Every structure is written in C-alpha cells, then in structure tokens.
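So the protein lines, in turn, are chains A and B.
Just so we're on the same page, the working numbering is the position in the first sequence counted from 1, plus 1455.
Just so we're on the same page, the working numbering is the position in the second sequence counted from 1, plus 31.
It is worth saying that the hints were derived from the structure and are not from the lab.
These numbers were taken from a predicted model, which means no experiment stands behind them.
Check each hint, because a few of them may be wrong.
To be verified - Restricting the straight-line Cα-Cα distance to at most 25 Å, the calculated cross-link-like pairs of lysine to any residue (SDA-like) are:
hint: 1; chain 1: B; residue 1: K91; chain 2: A; residue 2: K1470
hint: 2; chain 1: B; residue 1: K159; chain 2: A; residue 2: S1476
hint: 3; chain 1: B; residue 1: K145; chain 2: A; residue 2: S1463
hint: 4; chain 1: A; residue 1: K1470; chain 2: B; residue 2: L206
hint: 5; chain 1: B; residue 1: K189; chain 2: A; residue 2: Q1459
hint: 6; chain 1: A; residue 1: K1466; chain 2: B; residue 2: D50
hint: 7; chain 1: A; residue 1: K1466; chain 2: B; residue 2: E153
hint: 8; chain 1: A; residue 1: K1470; chain 2: B; residue 2: I188
hint: 9; chain 1: A; residue 1: K1466; chain 2: B; residue 2: K160
hint: 10; chain 1: B; residue 1: K160; chain 2: A; residue 2: I1485
hint: 11; chain 1: A; residue 1: K1471; chain 2: B; residue 2: S156
hint: 12; chain 1: B; residue 1: K145; chain 2: A; residue 2: Q1459
hint: 13; chain 1: A; residue 1: K1482; chain 2: B; residue 2: N192
hint: 14; chain 1: B; residue 1: K160; chain 2: A; residue 2: H1475
hint: 15; chain 1: A; residue 1: K1482; chain 2: B; residue 2: S207
hint: 16; chain 1: A; residue 1: K1470; chain 2: B; residue 2: S245
hint: 17; chain 1: A; residue 1: K1470; chain 2: B; residue 2: L83
hint: 18; chain 1: B; residue 1: K104; chain 2: A; residue 2: Q1459
hint: 19; chain 1: B; residue 1: K166; chain 2: A; residue 2: E1486
hint: 20; chain 1: A; residue 1: K1471; chain 2: B; residue 2: G100
Here are the chains, one letter per residue:
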Amino acid sequence: MSKQITQSEIKAVLKKNGIHSIDDLTKMLIENDSAPGIISKKSSQASPLNWIISFWRLPNLIKDHRLDDLPNELGGELLK
Amino acid sequence: MNSNKWVVNYFSETLLEIDPLIDKTIFYKSIGEFTLFCYLLKRNDLLISDYLNLINKASKLDYKDYVGGIYIKKLIAICLDINYCNNNKEIIEDYSSIEELYFISIFNSINCNKEWDQQVLEFISVIKKEGLDIKSLYHLTHLIFFSSNFGFNMYWIKCDNQIKRVIIDILYLGLSKCKISQNWDLLNELYLCFIFIEKEFITNFSQEIFSSFSLYKSKYGWYLSDGNNLKFYEDNFSKLNFKHLYSIFHTTIITELLITELNVKRGLLSI
C-alpha cells in the first residue's frame, strides 16, 4: 500500500465520533457491557502474530520483468 | 474454469503433492485456512462434496509438529461429522493470539465479549498513536472476523454505537486505500468486515464488488491478490513459486467466501 492511514486521519475519525481519549472508549465499553470483568487499558498478552494472519502481495511486475529476476521476498511477506 | 474447480485442482495436484518442508508455514497455513473456509461453508450447509473430499485428504496429514494443528483437526472433524477429542485449551486467559481466542470460544461455546472489547480497545489505542499500515489493517479484518464469529454472533450488533462508527469509518479509509493500491486481497477482507458488522452494507457494495472481478479474476478461476497484471500471471502461471501460489490461493478462497456471504445474506442461497 503506497500510503498508510495516518495518525491524524485516525484522530479525526475518533473526534468525529465524539471520542477524545482512550478513557472515553474504556468507559463506553464498560457501560455497554453487563458482563462481569475488567477492561484494562494496558496491553494484554494476545499477539496479532499467529498462524492465520499474514499478508502477502504479488509483485506488481512491469512487462519487461522476468520471474527469474525477482528476489524471493516479493512473493509475500509473512508476519513472524 | 470456475473457482471451485481451480481450488480442487490446486489443492489436490499441487498443495498435497508438495513437500511441506519447502515452506512449512505456508503449507500449514494453506491447509488451516482452507479447513476454516470449509467449516464456514459447512455451517451454512454449503460444503460441496469436492471440498469434502479434500478435507478427507487433509485429515490424513500429520499435524503433531504444528502449533495450530489441534484446531485444524477439530475443524476437519466438524466438517466430516466425526467426534474428535483433544486437549483443547478451555481457559480463556491462556490465549496467545486472537485466532486462539476465537477457537477456544467456538469449540467450547464460551462468550468472549469482554476479551473482544479488550482487543478492540487495544487496537484503537495503538492506531491512535501509530496510524494504520497494511499489517494493522489485516489485524483489524481478522479481529472483526473472529469477534463476530464470521457474522454469526451478536457482538457487533450489541456493540456501543460510537465505537462501531469508529471502526466503520476506519474500514472506509482502508477501502479507499486498497482501491488505490489495487490490493484485492485486503479489499475483499474489508468488504467481508462490513458485511459481518452490519449485513445492510451488502446493498452498498454488491455492485462494485462484482464489477471489480474483471480486473483480477483469471479465466482459469483463480483471483489475483493485487496489482493489474492479470494476463502476465495467467501467461506465467507454471513458473510461479509456492509463495505466489499461496497468495493466489488465499485471495481465491477469500473471494469465494465473500461471494457466498453476498449470496446467503441477499437470500439468493438457502441456509
């Protein structure tokens, strides 16, 4: 992806939806859920790195390129 | 050739014939993703006999050295309607990834809404500081796949409306970036997310989804993961390496899942 979604774009989305801080979010989640439990603002152990999630892209070849010329990594990059 | 036939040919003639040691991760990921895909079809009574035959073949493989193996075997057992006892984790606190949390929740029928809340909160906290790249967009799609049980539970229906709006707005941002960069694989995962969060989105996107296939659906039935060089890949298919093939395989089953969801939720297929 040529351009990632920037921090300011994300902040604009949050602001548009009336969320100014992570405390607001935590409060909403707690108020919305009747199930017992604590929502911590600290990161849990769950990692996004696993056996299904990955991303991969094919090389955007121009017609003069040959497959033999390509480095191996171009077939896709797996999250470690 | 239709996509089902290509998947069957690829799975039986290439994947199962390959030495897994060439790339163990890609090999087991391919098997795992396909069994998950079949499990989702089975849930909608849409698992075709050709795929069931592949699942039968996959059931003969050895998974003992593979970390996700117990979950693959459980998915296979469900597809084949057989009992399978294992030492599944049943304690939610033990999960090490969102996939594992998902499998613990579905195989033990545990409500994990609090854990999904935690994951959503963390995700938003991180992207507020760092923005979103392709990796975090894939994390988001999988977070929505798993937290919604692929559109099968009420998590996003009951979710706080403001938080849901934030996620939907982020999905729209991702959608526009993927269209510009022609990342068909991620684009179709994002479409699935919209449908899993709120099935009414189908009416917004159906037409553009089907009309975009001409850009990346091969005449041989597979779907290109990204870019606009469809003909190049068709012409050079026999030279593609395992990673290239995996890329195409993944996009093909994701797109097939998207088509199934569109048809099921539009009432074109019975469930």
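- Item | Broken hints, by number | 1, 3, 5, 6, 12, 15, 16, 17, 18, 19 and 20
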